[in-house]
Amino acid sequence: MISGMTRREFIRKGLTIVAMGATAPSFLTRTALAMGHPFDLAQVTSRPGVPDDHVLVVVQMGGGNDGLNTLVPFADDAYYRARPRLAVPRGQVIRLNDELGLHPRMTAFKELYDRGAAAIIQGVGYPNPSRSHFKSMEIWQSADPDGRTLRVGWIGRYFDSKCPTCEVPAAGVNVGPTMPLAMRSDGGQAVSLETPEAFQWMPSLDGSGAREELELFKILNAPAPNEPGTIDFLRHTAMNAVVASEQVRDAVRRYRGGADYPNTRFGASLRLIAQMIAGGLPTKVYYAHMTGFDTHAAQQGAHDALLEQLSAGVAAFLRDLEAQGNAERVLVVAFSEFGRRVAENGSGGTDHGTAAPMFAFGPRVRPGLHGRHPSLTDLADGDLRHHVDFRSVYATILERWLGADPAAILGAPFERVPFLA
Amino acid sequence: MQQALAKFVPSASEPWDRARAAHLLNRAGFGGRPDEIDRIVRIGMDAAVEELVAIDRVPETTAPPDFSALRAAWAAAAALTPANSTERQRFEARVTAQRLDNQKLQELREWWTAHMLRTRRPLQERMVLFWHGLLVSGRPEVRLAETLYIQNELFRRMALGNYKALVLAICRDPAMLQYLDNESNRKGRPNENFARELLELFTLGIGNYTEQDVKEAARAFTGWTRRGYTFFFDARQHDDGPKTFLGRTGNLDGGDVVEIIFAQPAAARFLPRRLFEAFAYLRPEDEVIDALAEVFRASNFEVAPVVRAILTSRVFYSPRAMRTQVKSPVQLVVGAVRQLGLEDAPLPQLVRAMDLMGQALFIPPHVGGWPRGESWITTSTLLVRYNFSGLLLTGGMPGVARRAAVPPALPPEAARACEAARTAGEVTDRLVDRLVGRALGADRRRALVRALGASDAASPFALDGGESERRVRSALHLLMSTPEYQLA
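So the protein lines, in turn, are chains A and B.
Residues in the first sequence are numbered from 80 upward in steps of one, following my numbering.
Residues in the second sequence are numbered from 45 upward in steps of one, following my numbering.
The set of hints was computed from the structure by calculation and includes no laboratory data.
Even for Gly, the Cβ is constructed at its ideal location relative to N, Cα and C.
Do not take every clue at face value.
Stated by the list, open to error - Chain A side only, calculated, beta carbon under 8 angstroms to chain B, not exhaustive:
| # | residue |
| --- | --- |
| 1 | Lys214 |
| 2 | Pro256 |
| 3 | Thr257 |
| 4 | Thr274 |
| 5 | Trp280 |
| 6 | Leu284 |
| 7 | Leu295 |
| 8 | Thr309 |
| 9 | Ala317 |
| 10 | Asn405 |
| 11 | Asp430 |
| 12 | Ala487 |
| 13 | Leu489 |
As the list claims (entries may be wrong) - Which chain B residues stay away from chain A? Per the calculated CB distances, all over 10 angstroms, these:
| # | residue |
| --- | --- |
| 14 | Ala116 |
| 15 | Gly177 |
| 16 | Arg200 |
| 17 | Tyr273 |
| 18 | Phe277 |
| 19 | Ala337 |
| 20 | Phe345 |
| 21 | Pro442 |
| 22 | Arg460 |
| 23 | Ala495 |
| 24 | Leu507 |
To be verified - Label-pair distances were calculated between CB atoms; the ranges are:
| # | chain 1 | residue 1 | chain 2 | residue 2 | range |
| --- | --- | --- | --- | --- | --- |
| 25 | A | Asn405 | B | Pro452 | 44 to 52 angstroms |
| 26 | B | Glu136 | A | Thr186 | 27 to 35 angstroms |
| 27 | B | Gly417 | A | Asp460 | 31 to 39 angstroms |
| 28 | A | Thr186 | B | Ala453 | 53 to 61 angstroms |
| 29 | B | Ala127 | A | Gln171 | 27 to 35 angstroms |
Just chain A, same shape as in the assembly (with noise of 0.2 angstroms):
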């Protein structure tokens, strides 16, 4: 499809071309056009049975998930024992079985998995982890725990792997004002975004001379040959930033977003996304923010607004999602950089830990609980041991929802969770 040129090449030429030209409202046409490229989403799909209109929405729970406390082990003692001011009190769990259950916050995650929408994974981890905050994200980000390829993230190689809709701009939109690591890749393809209306340049004359002014910006922002690094790096994300600029323009003003959602920034970032997905952006991953999971001090009031804030969110989105028929597209997963000590420390807080439960929600989950719940008292280091690697869920993610080859991408195979079907 892109012969003689390497795909960056092809995405740096395409969007240059688009760049230059004039004011079209899809750029996505633009570069199949000018590179003679029949594009069509519908009958492109690299692994059958995987529709191409898949979309993925990554959540990341910032700080380390107290684990224990959002999936709550309440028919052990262990628990009790280890968390004398923090545990959930028994008849507060709301029951999913016999043995675990959610934190009483969690309501809308309970309406979701009662639906059959949510899936919650186990007891995930990875070998001899680290318990700081940015050597275990950047190990979860990257899929790398040896940390060999940490210039770029598994989104980022799913994004430069054969992936047929990913070779535009914001194949990955990222809504925060840093780019996760998991998100960046050779390409470039993905962008980030706070809010529509900050995104976008603003020349500063009116009328006519703004018109002229936006095209003296092109020519000083194109990109050119043998330029050093940063700089051929800021020319093309200027690109890209124009670009995708008029897309999520566009797409936002068809939709607004009709379901009830949280008055948090979380909330607005989820509402920012099903915008995006209803006005038809060819992205395919989306990337969302929770802070706060950091959880040493005072940890009752603060987490557990957390967890209301993020079944609430959840909720409200896919409810928008079906509203405008798009829910069957969309799978969200939400994952943390570790869970928390089993024991409370004395500052009504706990400490970083280890393994921890990821979620999974959409109408084509296989819903309810997957693995194993780790024991609370065969521990490492007085923290859970994991049962299912996290790099398991990413498999079955890229195979199974993204079309992908996940031995490829994440540079080993790795068993699937049996969350998707």
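Using the hints, position chain B against chain A.
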């Protein structure tokens, strides 16, 4: 000094020129205007670096913010007890104090910004910013805004002082005690938050200690708490049992832990690397860091000799260093305002612009501090950075302020740049020299000439009222909306 850290010696092929003088002012401060750069060229590198490093040479006159009303509000809230008030009264007193605290935090953010805009000690403020990004504390974890000011003043006082002393001071700093929870680190059930980051992010770096060391260090810091705005050692909460930390056993306390840390070879390399990366470039050569570590250790962990060695080194003035650093939002905003002579620009808008670029002063993203290098740049933040010049030139910027009906006057330094120029090409070159300090490619220069409304560089151009001002504004906005302007 070792070869890797050889001193810069001017020569015919590498003279002490305007480009190198501008580079020094960019990195050790917030940039310089043409007359300042000329003066630095005249006095030479050694004298210039000495001026910058000898912070006390010039008096600092900015008045500190007034926290007395806020202290009174918190004291009033604390004085209410179930015996002398209703629950509603206590709640309202807390809300009043919290609201005032939030206002004061915003004031503090504007105060520091104003201070950076006007300071005559640019290296001191660059160091305060460096420490804020390394020994990180901030909202929302730090509940008392005044303690963030106290910490900011600590960084200012010890800007180029002794690092071991600064680390010991930060272990006792009321904002840090809140931010990393050491204020509630108690005997029996220690809180590891501070101990871990002290080792990982402040002094040694990952790989130079074990998980067991983290746990033992946390025990050593039990009982290190605060009473209000000052450090307090709570002997009842301190674990005085034997501990083994990095191979040393004894009844260790926090001070011993700091001593042991600085006896590690990794400690001598840690800060010099961070300093070099802040001033020169990322991912430096090992030999350069070896040489700096030697300077650091020999001075018993003084910061000034390391900074002096960096700023006078040959590598600092090498192509790898010059005009290759992505400006942080503070550098970008403060630098632009100073370059254009707009020190009276509305502070709330400048602060908001930095927030949108990803550098919210006193509200760092996490304990790891700010991004560095290309990590500052995403499609989102790049557009914000580009739009920022619109704020200075038209009064408007998406997400910050609506454009004024009547545009503000042309920035004084922009008008000055046009004064002696007669052609569109000359105006372009003067603006480029001031703002980028290096010539643009021919196509890009031509684009700016066109922005001035000229068909070619030789076309006459004079600053004579409305239309010509609009043209200069447009050219400036375009020039500041370039990759080149993002680098220092």
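Comparing the hints with the structure gives:
1. Against a cut-off of 8 angstroms between C-beta atoms, the interface hint on Lys214 (chain A) holds, since the closest Cβ of chain B lies about 6 angstroms away.
2. Look at Pro256 (chain A): its Cβ gets to within about 4 angstroms of chain B, closer than 8 angstroms, so that hint holds up.
3. This hint holds: Thr257 (chain A) has a C-beta 6 angstroms from the nearest C-beta of chain B, less than the 8 angstroms allowed.
4. The beta carbon of Thr274 (chain A) is positioned within 8 angstroms of a beta carbon in chain B (closest approach about 7 angstroms), and the interface hint is therefore held.
5. Residue-level restraint check for Trp280 (chain A) holds (minimum Cβ-Cβ distance to chain B is 5 angstroms; threshold 8 angstroms).
6. The closest approach between the C-beta of Leu284 (chain A) and any C-beta of chain B is roughly 5 angstroms, which is under the 8 angstroms cut-off, so the hint is satisfied.
7. Given the 8 angstroms rule on beta carbons, the hint for Leu295 (chain A) holds: about 5 angstroms separates it from the nearest Cβ of chain B.
8. Interface restraint check: Thr309 (chain A) against chain B, minimum CB-CB distance 6 angstroms, threshold 8 angstroms, status holds.
9. Interface restraint check for Ala317 (chain A): the shortest CB-CB distance to chain B comes to about 6 angstroms, inside 8 angstroms, so the restraint holds.
10. Annotation: interface hint on Asn405 (chain A) violated; nearest CB of chain B at approximately 24 angstroms, more than 8 angstroms.
11. The closest approach between the C-beta of Asp430 (chain A) and any C-beta of chain B is roughly 4 angstroms, which is under the 8 angstroms cut-off, so the hint is satisfied.
12. With its C-beta approaching chain B no nearer than about 27 angstroms, Ala487 (chain A) sits outside the 8 angstroms limit, and its interface hint is violated.
13. Contact between Leu489 (chain A) and chain B, as hinted, is not supported at the beta carbon level, the nearest pair being about 24 angstroms apart and thus beyond 8 angstroms.
14. At the 10 angstroms boundary, the C-beta of Ala116 (chain B) stays outside the reach of chain A, the nearest C-beta of that chain being 26 angstroms off.
15. Consistency note on Gly177 (chain B): stated as away from chain A, and its beta-carbon is indeed over 10 angstroms from all of that chain's, at 14 angstroms minimum.
16. Its beta-carbon lying about 27 angstroms from the closest one in chain A, Arg200 (chain B) satisfies the requirement of being farther than 10 angstroms from that chain.
17. Non-interface call for Tyr273 (chain B) relative to chain A: holds, since the shortest CB-CB distance, roughly 19 angstroms, exceeds 10 angstroms.
18. Look at Phe277 (chain B): its CB is around 17 angstroms from the nearest CB on chain A, clear of 10 angstroms, so calling it non-interface holds up.
19. Every C-beta of chain A lies more than 10 angstroms from that of Ala337 (chain B), the closest at about 23 angstroms, which supports listing it as non-interface.
20. For Phe345 (chain B), the shortest C-beta to C-beta distance to chain A comes to about 24 angstroms, beyond the 10 angstroms cut-off, and the non-interface label holds.
21. Not every CB of chain A lies more than 10 angstroms from the CB of Pro442 (chain B), the least distance being 4 angstroms, so the non-interface label is violated.
22. Listed as outside the interface, Arg460 (chain B) is consistent with that label: its C-beta sits roughly 19 angstroms from the nearest C-beta of chain A, beyond the 10 angstroms cut-off.
23. Some Cβ of chain A comes within 10 angstroms of the Cβ of Ala495 (chain B); the nearest lies about 5 angstroms off, and the non-interface call is violated.
24. With 10 angstroms as the threshold on Cβ separation, the claim that Leu507 (chain B) sits away from chain A holds: the shortest Cβ distance comes to roughly 16 angstroms.
25. Judged by the Cβ atoms, the range 44 to 52 angstroms given for Asn405 (chain A) and Pro452 (chain B) holds: they are separated by roughly 46 angstroms.
26. Roughly 31 angstroms separates the CB atoms of Glu136 (chain B) and Thr186 (chain A), a value that falls within the hinted 27 to 35 angstroms.
27. Distance hint for Gly417 (chain B) and Asp460 (chain A): a CB-CB separation of about 35 angstroms, consistent with the stated range 31 to 39 angstroms.
28. At about 58 angstroms, the CB distance of Thr186 (chain A) to Ala453 (chain B) agrees with the hint of 53 to 61 angstroms.
29. At roughly 32 angstroms, the beta carbons of Ala127 (chain B) and Gln171 (chain A) sit within the given window of 27 to 35 angstroms.
When held up to the earlier numbered hints, the structure conflicts with 10, 12, 13, 21 and 23 and fits the remainder.
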